[in-house]
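Asks: Make a model of the complete structure from these sequences and hints.
Letter by letter, the chains look like this.
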Amino acid sequence: MLILSFVKKYLLPRIIQYVIVIFIGTTVVFIIPRLMPVDPVQEMINTITQKGTYMDPSAVEKLRESLKELYGLKGSALSQYFNFWGRLFKGDFGPSLSQFPTSVTHLISVSLPWTVGLMLVTILISWIAGNILGGLAGYFNHTRWAKALENISMLIRPIPYYIFALILLLIFGYVIPIFPISGGTTVGLRFTWSWDFIVDVVKHAFLPALSMVILGAAGWFQTMRLVVSNIVREDHVLYAKAGGLSEIKIGFKYVIKNAMLPQITGLALSLGQIFSGALITEMVFSYPGIGGLLYNAIISGDYNLIMGITLFSIIGIATATLVIDLLYPLFDPRVRYR
Amino acid sequence: MKFKKLIALVCVLALAISVFVGYAQIKSTGPVSRTDTLIVDVLSGRVLTPDNFNVWVTTWRNPDRGIQQLMLEPLWIVDPATGKVINALAAETPIYNNDYTKMTLKLRKGMYWSDGVEITADDIVYDVQLVKAKEGLSYHTEFNDYVNKVYKTDKYTVVFELKQPNSRFHTFFVDRWGAFRPFPKHIFEKTKDPLTFKFNPPVSSGPYILKDYDPAGYWTRWELRKDWNRTPTGVLYGKPKPRYVLFYYYGPPEKKVLAQVQHQLDMTDLTSETLRAILNKNKTSRAYRKEYPYVVNVDPCVTGITLNTAKYPYNLKDVRWALTLAIDIVEEIGIAFDGMATMAALHIPPTPAYTKWYYKPMEEWLKNFTLDIEINGKPYKPYDPDAPLRLAKYAKQRGYEVPTNPQKIKEIFGLGWWKYAPDVAAKLLERNGFKKDKNGKWLLPNGKPWKITIVTGTNPATIDYRNVFAVAQLWKKFGIDVNVLTTETSATLISNGNFDASGAWPAIEPWGGHPDLYRTLRAWHSKYYVPIGKEAVGHASRWHNAKMDKVIDQIEKLKWDDQNNIKLGMEGLKIAVEEMPSIPTVLYPGIVAWDEYYWTNYPGAENPYCMPYHHWPNFKYMLPFLKPTGRK
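Which chain is which? The protein sequence lines are C and H, in order.
For the first sequence, our numbering gives the first residue as 1, with consecutive numbering after it.
For the second sequence, our numbering gives the first residue as 1001, with consecutive numbering after it.
Source of the hints: derived by calculation from the structure; they are not laboratory data.
Where is the CB? At the ideal position from N, CA and C, for every residue including glycine.
Check each hint, because a few of them may be wrong.
Claimed, not checked - Quick look at which bits of chain C chain H covers, simulated, 3 or more residues with Cβ under 8 Å: (1) 28-42; (2) 180-186; (3) 278-291; (4) 316-326.
Unchecked claim - Below 25 Å or equal to it, Euclidean Cα-Cα: the simulated DSS-like pairs (lysine-lysine) are: (5) K1102(H) - K62(C); (6) K1134(H) - K74(C); (7) K1574(H) - K68(C); (8) K1192(H) - K90(C); (9) K62(C) - K1134(H); (10) K68(C) - K1198(H); (11) K74(C) - K1534(H); (12) K62(C) - K1476(H); (13) K1476(H) - K1435(H); (14) K1559(H) - K1574(H); (15) K90(C) - K1198(H); (16) K1534(H) - K62(C); (17) K62(C) - K1356(H).
Said to hold, decoys possible - Every beta carbon over 12 Å from chain C, so not counted as near; a handful from chain H, in silico: (18) G1110; (19) E1118; (20) R1289; (21) V1402; (22) N1432; (23) E1571.
Replies: In C-alpha cells form, the structure reads like this:
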C-alpha cells in the first residue's frame, strides 16, 4: 500500500514530467536551429569553394537542389519533424549535414567518451574537494587556515577560465614542459589496454582536468563554506554543542550533512551538463570532445548534429533531475516524511 | 552510509570511464623520430571524421591533412609561385577539337597506385562514369552537364565527348586547392555505396601512404612510398626527403607558437602578431621573407571589400568610386596588417606572375585612366603609382627596415593603388544628391543618414576581418556612419544579398598559375545574376555589365593558352576598374612560419621554387627540395 502510494503520488508524476520535458525540449531543439539565418547547404558550398575549389557557376544551383535532397531538407518543416521523430524512435539522428553522410551517432560516439571521461572525473573531484574544504572552512571559520583557503578561493574564482587555462598551459607546457600542450594521446602510441596507454591518456588530460578542478573546486568551496557558516549558527547546532557532543560529530552529522542538500542538487545538474561539453577547455588544450563538435555544428548549420548533441544534453539534465528527485528522500527526511 | 556508497560507486565509474576513454581502434607503429619526420599544421583544424579518406563526396573531409598534399596526384596542377601549370598524372596539356566538343587526355605512363596497380585510362573512364551516375559525389552536376561520353582509345588515352562546347573543360581536373582527382577503379568498383565508403586504408597515387591517424582527429601521419619513383612527384622532382610527414593541429595561433618554439611544428601559418612573437622567441624560425614585411606574395587571392551592387546606393558607380577614393591604402594596410601586404589596384592578385602578365602591361593605362569628373578643369586621374613608396615610408616610421630602391619597394608593396582623395570622393557623392550634415556626417539624397553595415566573419585572424575593420575606420573618418557586423552567418547573409558591404573577396580567384582570367570574369556574367533574396550563383557583388558579358563570351571561344586571352583579360579588367563593382585592397598576405631546426631549404622569397604553403596540394613537390639538418 505504501509502495503504491509512493508510485502514484511521487514516482509517476515525476516520470510524466520527465517525459514531457524531453518531448518539449526535443521539439524546441528541432525548431531553434531552423530559425538560425544559416543555410547548411550554402555553408557547405562556401566551405568547399572558399578554399579555392572551382565550382562551375551554372552547376551551383543544381548542386544546391541535390544537396537539399540528400540532406533531407526538402519538404515542409512538419514532414521533416515527423521524419525526425520516426528516426529518433529507431535511435537514429540521421546523417550529419556538415560531414555527410557520416551519421550523427557516429560523430557523437567518437567525441563523447573524451568529454565524459574528462568532465565526470573533474566534476566529481572538484565537487568532493570543494565541499570537504568548504565544509571544514565554514565550520572552523575563525581559524587561520580557513581564512587562507577563503582568500585563495576568492583570488582564483574571478579569473576568467580562458586566462587561467592559458596560464597553466604556459607554465606546465612551456616554462616547465612536463605536460603535452595538445591532443588526447601521443602520436604513434598504440591504443591498447596497457599501462602505458592509460598513463598517456591521463598525462594528456592532466592540464585540462587541473584547470577545471581548481576553478570548479573554488566554486564549490565558496558555496559550501557559505551554507555551513550559516548552519553553524542555527539552534540545533547550538543545542548539540550545549549537549556536549564532539566537534567532529556536530560538524559532519549536524552541519555538513544538512549543508549537502543544495550541493547534491548542484552536482546532479553539473553532471547532466556534461553532454554540452567544455568548449573553451577543448579549444585551449586542443583536447577532443563534444564541445568542439557542437560548435562546428552550430557554425555550419548542421541541424541534425545540433539536435543529436543537445538531445543528449536535454536527456542528461532531465535524467539527473529525475534521479536527484528520486534520491532526495534518502538524504532529506522531510521529503521522506511527506 | 548509503550516500558514501553512492559517492564511491560514482568515483569508480568515473575512473573506469576515464581509463576506457578513446577505446582501442587503430594500429600505430611507434613514436615520432624528428630526424626523418616533418611536422606541419592542419590549416582547417581538427578532423571530425578522421577514419574517412573518401574526399570525392560533396562534403568537407579536411583534405589538407595530407590527403590532397601527399596521398593524391591530380591530372594537372597550377603553381602560383612559378606561374606554371604542371602536368602531373597527365602526360601533356589537354587536346581539344576545333569546336571544343571533344577533349583528349593523355596519361603519363608508368604511374602506379600505392598497392601496385597501374594508373590507366580505365581509372579515369570509370571515375567519370561513376561520378555521373552517383548523386552526392563531387562534380556530379558538372560532369552530367558537360560529359556526353567518356571512353579510352588505348591504355593511356581518354576521350571526353562533350554535350556542349567547353574550351576549359579540363579545368575541372586542374588542382588549385581542389579539383577532380582520380581515384582507383579497382578499389571503388568493389564498394556498394561510394558515398558511405570510407576508403580506409586509402590507396595513394601520390608519393606517401597513410601510416596512422588520431581517432580524435588531431593528427595524421604519412610515410614515403617505397615506390615513390612511380608517382608524378618522383618522376618530376625526385625523392621526397622526409620519410614521414606528420600533420598536426595544435589549435589557435598561440598554441602553434608554443609548438614551434619547442621544435615540434616545422611549418605553420600564423597571424602577423604571432609571427613576430615566434621570430623573437625562436632563432631557427623564419617567415616567407627573411626580413620585413615577411609575408607570402604568391597567394592567388585578391582581398578587399565587396559591395552589394543590387542595392542602392551601391548600384551607383560614382558611389563605389567615392568609397574607393575615401580609402587611404597606406593607412588601410597599416591598420589591418601593420604595413605587411602588397597593394592590389586590379581585381586580380598582384603575384609576380600576374604582375608580369597584367599589372606591368597595364601600368600606363592605369596611370592615364580618368574618372568622368573634372578637377581643376582636367579629367581626374585616380591612380597613384607612388602609394607603395608612401607605404614604405610608413613602415620606416614604424621602425622596420625597408629597401630604399623604388623598384625593390614596388616589388614588395605593389605597383600602385588609388589616390586617397576625400575631396574628389565628396564631389562624386554630391553630384548624386548626397550632402553632409552640420556634424560632417554624410546624408543620403533623401536626407536620411547614410549608414553602411559591413558584414564579416568572427575570426579576427582572418584577412577579411582585418580588411573590414580597417576600411570601416577610414569610411568613418570620411563621415559615413559605418557599423561592422561580425557573425558566423556571414556566408549565408552575403550569399543571399543581405548586406551593404562585406569582406568577401572582391573578385573570384584566377587559376593562380595561368594568365587566363575566365574563372575571375565569368562570375560577373549577367546570366548568373540573381536578385537579392536568392542565393548568389556568380560573384557576391551581383554586379553585371553588357560590355563585360561580351568579353567573357569572347574568352569562352578561345583556347585557354591562346595569346589573345591576355588581351581580352585586360579588357575585362579595364571594365572592372571603370565600374569598380568591388574594391580590391591587397594580395592575400599569407603568413607562414618555418622552423629550420630540423629542415631547411623551404621555398622562401629568396628561392620561390614552389608554392610555399604546406596546405596546398603542391606541397608534395616541395618535399624533394627540403634538406635535413641532421639534428636529433
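Asks: Please verify whether K74(C) and K1534(H) have alpha carbons no more than 25 Å apart.
Replies: Distance of about 17 Å is within 25 Å: holds.
Asks: Test the statement that G1110(H) is away from the interface with chain C: the closest C-beta pair must be farther apart than 12 Å.
Replies: 29 Å, holds
Asks: Hint check: K62(C) vs K1476(H), CA-CA at most 25 Å. Holds or violated?
Replies: 41 Å, violated
Asks: What's the verdict on K62(C) and K1356(H), does the C-alpha distance respect the 25 Å limit or exceed it?
Replies: 38 Å, violated
Asks: Taking 25 Å as the top limit, are the C-alpha atoms of K62(C) and K1134(H) close enough?
Replies: Holds: K62(C) and K1134(H) sit about 14 Å apart, inside 25 Å.
Asks: Is the hinted pair K1102(H) and K62(C) satisfied, with a Cα-Cα distance of at most 25 Å?
Replies: 24 Å, holds
Asks: For R1289(H), is the shortest CB-to-CB distance to chain C above 12 Å, so the non-interface label stands?
Replies: 23 Å, holds
Asks: If you draw a straight line from the CA of K1134(H) to the CA of K74(C), is it 25 Å or shorter?
Replies: Holds, because 19 Å separates the two Cα atoms, which is no more than 25 Å.
Asks: Is K1192(H) close enough to K90(C), meaning Cα to Cα at most 25 Å?
Replies: 23 Å, holds
Asks: Quick one: see if chain H covers the stretch 316-326 of chain C, three-plus residues with Cβ-Cβ under 8 Å.
Replies: violated (count 0)
Asks: Decide if the proposed pair is consistent with the structure: K90(C) and K1198(H), CA atoms, cutoff 25 Å inclusive.
Replies: Answer holds: K90(C) to K1198(H) is near 24 Å, not above 25 Å.
Asks: Under 8 Å between beta-carbons, do enough residues of the stretch 278-291 of chain C, three at least, approach chain H for the coverage claim to hold?
Replies: holds (count 5)
This entry does not satisfy hints 4, 7, 12 and 17, going by the numbered hints stated previously.
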